[in-house]
Each structure stands twice: as structure tokens, then as C-alpha cells.
Amino acid sequence: MSRTFLGMPGRALERGFPANAAAAVRDSQLRFNLRKATRTIRGKRASVVAELPDWEGLRQAGKSIKDHTLRNLDRYLLQLEGAVTAAGGHVHWARDADEANRIVAGLVKATGETEVVKVKSMATQEIGLNEALAAEGVTAYETDLAELIVQLGDDWPSHILVPAIHRNRAEIREIFRKRMGEWGRPAPEDLTDDPRALAEAARLHLRERFLSTKVAISGANFMIAETGTLVVLESEGNGRMCLTLPRTLISVVGIEKILPTWRDLEVFLQLLPRSSTGERMNPYTSTWTGATEGQEFHLVLLDNGRTDVLADEVGRQALRCIRCSACLNVCPVYERAGGHAYGSVYPGPIGAILTPQLRGMGSELDRSLPYASSLCGACYEVCPVAIDIPEVLVDLRAKARHPRAERLGMAAAGWIFNRPERLALAQRAGGRLRRFVPKRLPGPMSAWTDTRDIPDIPRESFRDWWDRTGGGQTGTEPRDGAAR
Amino acid sequence: MRVALFITCVNDTLFPGTGKATVTLLRRLGVDVAFPRAQTCCGQMHVNTGYREEGVRLARHFAEVFGGYDAVVVPSGSCGAMVREQYPRLAPAATEEVVPKVYELSEFLIDVLGVTDVGAYYPHRVTYHPTCHSLRGLHLGDRPLRLLRNVRGLELVPLPGAEECCGFGGTFAVKNPAISAAMCADKVGNVMATGAQVLCAADNSCLMHIGGTLTRQKTGVKIMHLAEILAATEATEDAPAAATIERSAP
Numbered sequence: 001m002s003r004t005f006l007g008m009p010g011r012a013l014e015r016g017f018p019a020n021a022a023a024a025v026r027d028s029q030l031r032f033n034l035r036k037a038t039r040t041i042r043g044k045r046a047s048v049v050a051e052l053p054d055w056e057g058l059r060q061a062g063k064s065i066k067d068h069t070l071r072n073l074d075r076y077l078l079q080l081e082g083a084v085t086a087a088g089g090h091v092h093w094a095r096d097a098d099e100a101n102r103i104v105a106g107l108v109k110a111t112g113e114t115e116v117v118k119v120k121s122m123a124t125q126e127i128g129l130n131e132a133l134a135a136e137g138v139t140a141y142e143t144d145l146a147e148l149i150v151q152l153g154d155d156w157p158s159h160i161l162v163p164a165i166h167r168n169r170a171e172i173r174e175i176f177r178k179r180m181g182e183w184g185r186p187a188p189e190d191l192t193d194d195p196r197a198l199a200e201a202a203r204l205h206l207r208e209r210f211l212s213t214k215v216a217i218s219g220a221n222f223m224i225a226e227t228g229t230l231v232v233l234e235s236e237g238n239g240r241m242c243l244t245l246p247r248t249l250i251s252v253v254g255i256e257k258i259l260p261t262w263r264d265l266e267v268f269l270q271l272l273p274r275s276s277t278g279e280r281m282n283p284y285t286s287t288w289t290g291a292t293e294g295q296e297f298h299l300v301l302l303d304n305g306r307t308d309v310l311a312d313e314v315g316r317q318a319l320r321c322i323r324c325s326a327c328l329n330v331c332p333v334y335e336r337a338g339g340h341a342y343g344s345v346y347p348g349p350i351g352a353i354l355t356p357q358l359r360g361m362g363s364e365l366d367r368s369l370p371y372a373s374s375l376c377g378a379c380y381e382v383c384p385v386a387i388d389i390p391e392v393l394v395d396l397r398a399k400a401r402h403p404r405a406e407r408l409g410m411a412a413a414g415w416i417f418n419r420p421e422r423l424a425l426a427q428r429a430g431g432r433l434r435r436f437v438p439k440r441l442p443g444p445m446s447a448w449t450d451t452r453d454i455p456d457i458p459r460e461s462f463r464d465w466w467d468r469t470g471g472g473q474t475g476t477e478p479r480d481g482a483a484r
Numbered sequence: 001m002r003v004a005l006f007i008t009c010v011n012d013t014l015f016p017g018t019g020k021a022t023v024t025l026l027r028r029l030g031v032d033v034a035f036p037r038a039q040t041c042c043g044q045m046h047v048n049t050g051y052r053e054e055g056v057r058l059a060r061h062f063a064e065v066f067g068g069y070d071a072v073v074v075p076s077g078s079c080g081a082m083v084r085e086q087y088p089r090l091a092p093a094a095t096e097e098v099v100p101k102v103y104e105l106s107e108f109l110i111d112v113l114g115v116t117d118v119g120a121y122y123p124h125r126v127t128y129h130p131t132c133h134s135l136r137g138l139h140l141g142d143r144p145l146r147l148l149r150n151v152r153g154l155e156l157v158p159l160p161g162a163e164e165c166c167g168f169g170g171t172f173a174v175k176n177p178a179i180s181a182a183m184c185a186d187k188v189g190n191v192m193a194t195g196a197q198v199l200c201a202a203d204n205s206c207l208m209h210i211g212g213t214l215t216r217q218k219t220g221v222k223i224m225h226l227a228e229i230l231a232a233t234e235a236t237e238d239a240p241a242a243a244t245i246e247r248s249a250p
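So the sequences go chain by chain: A and B.
Under our numbering, think of the first position of the first sequence as 1, with each following residue one higher.
Under our numbering, think of the first position of the second sequence as 1, with each following residue one higher.
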């Protein structure tokens with residue numbers, strides 16, 4: 001069982017997803033915020049995807065390129081290392097979160113600096129880099145607007161693309177007013193919750209940081225093996241500030257982020273913005289290859305459980321993920337449970353298959369994640385790299401340890417279904433007891449009857465009706481009537 | 001053509017009326033449908049809850065029971081999707097012959113029999129919930145709607161948010177009851193917004209979940225499987241009272 005760390009501490013880890021989700025669903029403000037935000041992005045995505053005549057072709061191309069790369073990952077990683085090194089960068093290999101954090105902390109300390117600016121990055125969230133740096137006396141400043149909101153609010157991200165999706169603008173104004181001053185330039189006294197005013201306050205707060213900080217830390221959306229180029233897509237331009245101004249750049253990137261050639265970007269630069277922000281093209285695409293004179297570039301290649309996932313024939317397709325979060329925005333469970341219920345920086349449908357694979361299914365939470373889905377299939381339909389999330393969920397469910405009472409129930413049902421005679425007997429018993437079935441069921445089945453009636457049990461099953469009437473050809477009229 | 005009915009365990013046990021309606025409808029269209037007595041369950045509950053071995057056994061059993069037929073008709077999008085999507089992964093060799101011969105009811109009517117007007121009469125305001133596995137598993141598209149539009153007297157009203165899951169999801173409904181109920185509450189809200197008297201779907205498991213909420217909230221909206229509406233005629237419309245009374249009795 002892997003003990004990979006996935007950067008999410010606290011309450012959410014102590015209980016299963018159903019309990020986390022039940023608490024979240026009672027928070028009406030949270031539900032309102034999430035519903036509004038996910039539906040807006042969902043609609044934008046649908047319209048920009050629909051305008052492309054060959055979306056399905058692009059999607060299959062994205063899937064094929066990723067599958068090919070993953071099959072030859074060993075080769076492409078070495079090619080990438082060679083290309084980055086040749087371009088003046090330094091490559092480091094990290095087996096897990098601890099090793100990656102140690103490497104980054106060491107690199108920062110070697111510069112003599114105690115502050116770093118950060119580009120929005122899932123990989124550094126995953127390894128809990130900010131906390132690890134803090135323990136070494138280094139302060140990490142998030143510069144992505146939403147990550148800034150999360151950091152100032154002592155909060156946790158609840159969405160891959162929009163980490164502060166659970167906050168509305170009134171809440172953001174309060175966070176800015178109360179906390180911005182502790183981290184740097186304070187918010188203006190008369191700050192309103194007008195989005196423009198909030199953005200301006202963040203811009204002024206961050207600008208000072210960009211101009212003074214000497215070390216930046218990023219992730220990457222893609223790494224090109226052929227050229228050693230790293231690629232970051234973003235909306236705000238804050239990432240580009242971090243990628244260009246500081247003297248030292250350290251990028252922490254999962255090993256699955258490789259694309260073989262520069263040309264492969266053609267596919268992904270179309271797939272990613274349309275799937276994630278619902279834009280035809282994202283405002284800023286930054287690429288860099290090695291380091292120019294006077295600057296230093298380090299690439300930390302992160303495994304943290306990924307090679308274990310790669311070894312799984314069904315689960316490995318999760319490594320195709322390009323972190324667009326289209327699956328979150330379309331998921332009816334995510335919309336109602338929110339991201340924190342998943343207890344991982346990877347929430348929603350992709351989190352439900354990625355987290356238990358990276359972290360193992362040792363805890364109650366991680367065992368419950370594959371069940372955090374009605375298998376409605378909306379995630380698979382929107383996934384730009386065609387990850388069959390329901391297939392992986394069902395596969396993980398087969399690998400999970402099941403509760404004893406459920407095992408007994410399933411064994412009994414299996415025993416009945418194995419012989420049609422047993423099924424007929426069970427149906428007849430049900431028909432005879434139909435009047436004694438209470439409206440509210442006891443024990444675990446109360447989960448059904450708390451909000452729903454159970455259907456009336458018919459006197460006669462279909463198969464008994466068929467036998468009695470010769471399939472309706474003879475005998476009396478059916479007693480249960482065709483209409484309900 | 002030898003046609004078999006796969007009734008599904010849910011319909012067989014809890015909704016025999018759907019099975020009878022399917023038989024009535026198919027006979028009216030000249031199809032002599034057989035009911036292989038050895039059939040039980042497609043195995044979806046077991047597989048989707050994580051009990052794969054049981055599912056493999058039931059998939060093999062299904063292949064044995066239905067192997068000799070030219071077509072297998074299933075009045076359930078969900079069980080149909082189980083067979084077509086999951087059997088090739090669970091028991092590929094045993095099921096490869098039978099899987100392409102399995103049709104959900106509306107597919108069989110339109111794609112095999114080539115009919116969209118089945119001669120039904122049902123003078124009520126109806127809204128249709130497409131259900132996830134019919135929509136995204138079997139890709140039924142607008143087949144059920146084309147059938148419903150040809151039912152005489154039927155007023156079809158569009159369901160807002162139709163493509164969203166109702167929150168049933170098999171054991172999901174009891175494993176994550178809070179989320180399941182929240183999803184259903186939104187579905188019920190959308191159903192009520194249509195002003196429909198009847199909610200129709202091609203899947204009784206989803207209908208059982210939504211219907212259980214509709215009756216708990218005393219909405220007065222009835223649930224009807226697609227087969228039951230398509231089987232209805234002037235004759236059944238004249239005498240529906242007995243069935244309605246029986247269903248509402250304790």
C-alpha cells in the first residue's frame with residue numbers, strides 16, 4: 001500500500017467521503033456558489049467545443065499521443081533530461097513528496113533567499129511544498145489570484161482550475177481586508193466586492209512581490225522531450241511575471257507531463273483551454289528552454305506514486321489527465337459535495353480515480369472515493385483525453401475492501417441470482433410479505449427510505465405471471481395491471 | 001427471427017407491468033417474443049459495487065441463456081448498457097457473440113423493426129427523463145422521444161436539465177444518500193416545473209428512485225416506463241382505474 005502524500009490535511013481525511021459530502025451539502029451558501037460557478041464554466045466549455053468540427057478527432061489524437069508517451073516514458077524522460085541539460089538547465093529526480101520538497105528547499109537555500117513567488121501549480125500543491133518550505137524558514141507566496149485567496153484565507157483549494165470556487169466575492173473581500181496586510185501591501189480601506197476592485201487590490205499587492213523576489217517556483221502543463229521546453233498556460237499573466245523576472249526558476253513537474261515533440265502541442269493547445277476555462281485560446285502561454293545567461297533553471301521530475309499507477313493496466317489511463325477540470329464542472333456529485341469532501345488536491349471525478357491510486361486505499365476516505373460517483377458518465381463524455389473514468393472507478397471498487405454486512409448481502413444476492421428457481425422463490429416470499437414491508441426501513445436501508453418511498457411489491461413476479469398465463473396468451477387478466 | 005425478452009431482475013421482481021407491456025407491444029407489432037426461464041440478473045449491481053467475480057459468473061450465465069437467439073430485447077437502458085459496455089471487459093470470449101444482439105427496447109423498435117409509430121394512445125401530459133446509461137452508455141439519442149411523439153393524444157413536454165443524473169446510481173443511492181437525495185431533489189424540481197402528469201423513462205431503477213421521492217413529497221406525478229406508454233391503447237385507457245387503485249393501496 002502506497003503512502004504517497006497528497007497535500008491535504010485536516011478534518012476531511014478523518015472520515016469517508018459520504019460524511020464529508022453530507023456536511024457540505026447542508027451548506028447552502030457553498031451549494032449556491034458551486035452551482036453558479038460550475039454551470040457557468042460548463043456552458044462556456046460546451047459552446048466552444050461545439051464550434052470545432054473535429055473535436056472527437058482532436059480528443060482521440062490527445063489520447064493517442066499521451067498513451068504513446070506513457071508507453072515509452074522511460075525513453076522520453078531520458079531524452080528530456082538530455083535536452084534540458086544541453087540547454088543549460090539542471091534536472092533532479094524525486095521519488096516522492098519528501099524527496100521533492102528536500103530538493104526544492106535545498107535549491108532555494110543555496111540562493112540565500114528566504115522568499116519565493118509561485119506560479120499556480122498542482123504538483124507543488126500535491127507535495128505540500130509551501131508547508132515544507134515554511135518548515136525550512138522559506139516563505140512561499142502564491143501569485144495566482146485564486147491561490148492567493150486560498151492562501152490568505154488559511155484555506156484549501158477545492159477545484160483544480162478555480163481553487164477558490166467555493167468562495168463568493170463578498171467572502172473574498174473579507175479575506176482581502178482582514179489578511180492582505182499580514183502578507184504584504186494591505187487592501188485599500190474602502191475595498192468593495194466589485195470584481196474589478198478585488199482584482200486591482202490583488203494586482204497592487206502582488207506587483208511589489210514580483211519586483212522584489214529573486215526565486216520562483218512553478219509546475220508545467222507540458223514538457224517537450226525533443227527540445228527540453230516547458231510550457232505553462234494561464235489566464236492572468238502572473239505566471240509569466242514569475243517565469244521571467246526572478247533570477248532562479250525551479251519547476252516541479254510530474255513525470256507524466258511529457259509530450260514527445262513540439263508539434264504535439266498543436267493538439268493540446270486546442271484541447272486544454274476549451275476544456276478548462278471554456279476559451280478558444282488562453283491569454284498567456286509561456287514556454288522556456290533551459291536558462292539564459294545570468295539565470296538559473298532547475299527541473300524537479302516528480303514520481304510520487306505515478307509509476308505505480310502506470311503499472312496498472314486499467315488505472316494508468318488516469319495519467320493522461322491534463323488537469324483541465326472539465327470533469328469537475330460537469331459532475332453532479334462534485335457540484336453538490338464541493339472539492340474539500342474529496343480530501344485531496346485532486347477533487348471531483350479525476351480525483352476519485354487519481355487519489356486512491358496515488359495514495360492507496362488504506363484509509364476509509366480513500367476507500368470511499370471510488371464510490372463517490374453515480375457512474376453517470378458525464379465526466380468521460382467531456383474528458384479531452386478520453387479517460388474512461390467510470391471504467392476506472394468500477395475497477396477500483398473491485399480492488400477496495402468491502403464492509404462485512406455488504407459482503408454478506410452481495411453473497412446472498414449472488415446465491416439467489418445463480419439459480420432462476422431461487423430467484424422465483426425469493427420473489428414469491430416477497431409477494432407474500434408485501435403488506436408487512438414498513439414505510440421506513442431499518443439499518444443501512446434507512447438511507448433509502450429517509451427521503452424515498454419504496455415501490456409496492458407486486459403479488460406476482462413477471463416470471464410467475466408468464467408461467468401462469470403462458471406469456472399472457474391464456475388464463476385471466478394480469479392482476480397487477482400494465483399501467484401503474 | 002427468434003426474439004427473446006430479457007426482463008431484468010428489477011422489472012421481473014418489482015415492475016412486472018413493464019414486462020407485460022413489453023410483451024403486449026411486441027406482439028402487437030407481430031413479434032413472437034420468448035421468455036427464457038433460466039434468466040436472472042445481468043450482474044450490474046455486483047460489478048458496479050465492486051464484486052466482479054459474481055458479475056463474471058452472471059455475464060457467462062446470460063450468454064448461455066440468450067446465446068441461441070437472433071435478438072434480445074431489454075426494457076432497461078441501464079441493464080442494456082451493462083451488457084454492451086461491460087460484458088466485453090468482464091467475459092470477452094463467452095459474451096462476444098451475444099453482446100451485439102442485445103437491444104434496448106427503443107433500439108429494437110426503431111433500428112430492427114423500423115417503426116416509430118407503434119399505434120399507441122395515451123392522452124396525458126408526459127415528460128421524459130433520458131437516464132444516463134441510455135444517453136451516454138447506449139447512445140439512444142432521440143429514439144425514445146421519436147416513439148413518444150408518435151403516441152396519439154400524448155403531449156410531450158421537455159424536461160429542463162434532462163441530461164443530468166437523477167442520483168440513483170445503484171448502490172450509490174444508499175452509499176451516498178445525502179448527495180443522491182440532493183440530486184433527486186433537483187430532478188424532481190425540474191419535473192414539477194414541466195407541469196407533467198407523468199414522468200417517463202426507459203429505466204425502472206431510475207424511476208423507482210425519482211418516483212419514490214415524487215410519492216414521498218405527495219406530488220401526484222406518476223411514473224411510467226416507456227414500454228407501458230407505448231403499449232397503451234384506447235382499450236387500456238378506458239380501464240386504467242383498477243391498476244391505479246391497486247398501486248396506491250397500502
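Any given hint could turn out to be false.
What the hints assert, rightly or not - Think about it this way: if two alpha-carbon atoms lie no more than 20 Å apart in a straight line, the pair counts; the simulated SDA-like pairs of lysine to any residue are:
1. A:Lys36 - B:His124
2. B:Lys101 - B:Glu164
3. B:Lys218 - A:Asp456
4. A:Lys36 - B:Val174
5. A:Lys214 - A:Met281
6. A:Lys109 - A:Lys399
7. A:Lys399 - B:Thr171
8. A:Lys36 - A:Leu191
9. A:Lys44 - A:Asn282
10. A:Lys36 - B:Glu164
11. A:Lys44 - B:Asp32
12. A:Lys109 - A:Lys63
13. A:Lys44 - B:Arg37
14. A:Lys439 - A:Ala429
15. A:Lys44 - B:Glu163
16. A:Lys439 - B:Arg216
17. A:Lys399 - B:Glu163
18. A:Lys178 - A:Leu161
19. B:Lys218 - A:Arg440
20. A:Lys63 - A:Tyr380
21. B:Lys218 - A:Asp453
22. B:Lys101 - B:Val31
23. A:Lys439 - B:Asp186
24. B:Lys218 - A:Asp450
25. A:Lys36 - B:Ala185
26. A:Lys109 - A:Ala135
27. A:Lys214 - A:Gly290
28. A:Lys44 - A:Gly290
29. A:Lys399 - B:Gly114
30. A:Lys439 - B:Thr215
31. A:Lys44 - A:Lys399
32. A:Lys44 - B:Gly161
33. B:Lys218 - A:Thr449
34. A:Lys36 - A:Glu51
35. B:Lys218 - A:Ile454
36. A:Lys214 - A:Gly294
37. A:Lys36 - B:Thr171
38. A:Lys439 - B:Asp142
What the hints contain is simulated information worked out from the structure, not anything from laboratory work.
Results of checking the hints against the structure:
{"no.": "1", "hint": "A:Lys36 - B:His124", "in the structure": "violated (34 Å)"}
{"no.": "2", "hint": "B:Lys101 - B:Glu164", "in the structure": "violated (29 Å)"}
{"no.": "3", "hint": "B:Lys218 - A:Asp456", "in the structure": "holds (15 Å)"}
{"no.": "4", "hint": "A:Lys36 - B:Val174", "in the structure": "violated (27 Å)"}
{"no.": "5", "hint": "A:Lys214 - A:Met281", "in the structure": "violated (30 Å)"}
{"no.": "6", "hint": "A:Lys109 - A:Lys399", "in the structure": "violated (43 Å)"}
{"no.": "7", "hint": "A:Lys399 - B:Thr171", "in the structure": "holds (17 Å)"}
{"no.": "8", "hint": "A:Lys36 - A:Leu191", "in the structure": "violated (24 Å)"}
{"no.": "9", "hint": "A:Lys44 - A:Asn282", "in the structure": "holds (13 Å)"}
{"no.": "10", "hint": "A:Lys36 - B:Glu164", "in the structure": "holds (15 Å)"}
{"no.": "11", "hint": "A:Lys44 - B:Asp32", "in the structure": "violated (49 Å)"}
{"no.": "12", "hint": "A:Lys109 - A:Lys63", "in the structure": "violated (40 Å)"}
{"no.": "13", "hint": "A:Lys44 - B:Arg37", "in the structure": "violated (51 Å)"}
{"no.": "14", "hint": "A:Lys439 - A:Ala429", "in the structure": "holds (18 Å)"}
{"no.": "15", "hint": "A:Lys44 - B:Glu163", "in the structure": "holds (17 Å)"}
{"no.": "16", "hint": "A:Lys439 - B:Arg216", "in the structure": "holds (10 Å)"}
{"no.": "17", "hint": "A:Lys399 - B:Glu163", "in the structure": "violated (30 Å)"}
{"no.": "18", "hint": "A:Lys178 - A:Leu161", "in the structure": "violated (25 Å)"}
{"no.": "19", "hint": "B:Lys218 - A:Arg440", "in the structure": "holds (16 Å)"}
{"no.": "20", "hint": "A:Lys63 - A:Tyr380", "in the structure": "holds (12 Å)"}
{"no.": "21", "hint": "B:Lys218 - A:Asp453", "in the structure": "holds (11 Å)"}
{"no.": "22", "hint": "B:Lys101 - B:Val31", "in the structure": "holds (16 Å)"}
{"no.": "23", "hint": "A:Lys439 - B:Asp186", "in the structure": "violated (23 Å)"}
{"no.": "24", "hint": "B:Lys218 - A:Asp450", "in the structure": "holds (15 Å)"}
{"no.": "25", "hint": "A:Lys36 - B:Ala185", "in the structure": "holds (17 Å)"}
{"no.": "26", "hint": "A:Lys109 - A:Ala135", "in the structure": "holds (12 Å)"}
{"no.": "27", "hint": "A:Lys214 - A:Gly290", "in the structure": "holds (17 Å)"}
{"no.": "28", "hint": "A:Lys44 - A:Gly290", "in the structure": "violated (36 Å)"}
{"no.": "29", "hint": "A:Lys399 - B:Gly114", "in the structure": "violated (43 Å)"}
{"no.": "30", "hint": "A:Lys439 - B:Thr215", "in the structure": "holds (12 Å)"}
{"no.": "31", "hint": "A:Lys44 - A:Lys399", "in the structure": "violated (37 Å)"}
{"no.": "32", "hint": "A:Lys44 - B:Gly161", "in the structure": "holds (16 Å)"}
{"no.": "33", "hint": "B:Lys218 - A:Thr449", "in the structure": "holds (15 Å)"}
{"no.": "34", "hint": "A:Lys36 - A:Glu51", "in the structure": "violated (23 Å)"}
{"no.": "35", "hint": "B:Lys218 - A:Ile454", "in the structure": "holds (14 Å)"}
{"no.": "36", "hint": "A:Lys214 - A:Gly294", "in the structure": "holds (12 Å)"}
{"no.": "37", "hint": "A:Lys36 - B:Thr171", "in the structure": "violated (28 Å)"}
{"no.": "38", "hint": "A:Lys439 - B:Asp142", "in the structure": "violated (37 Å)"}
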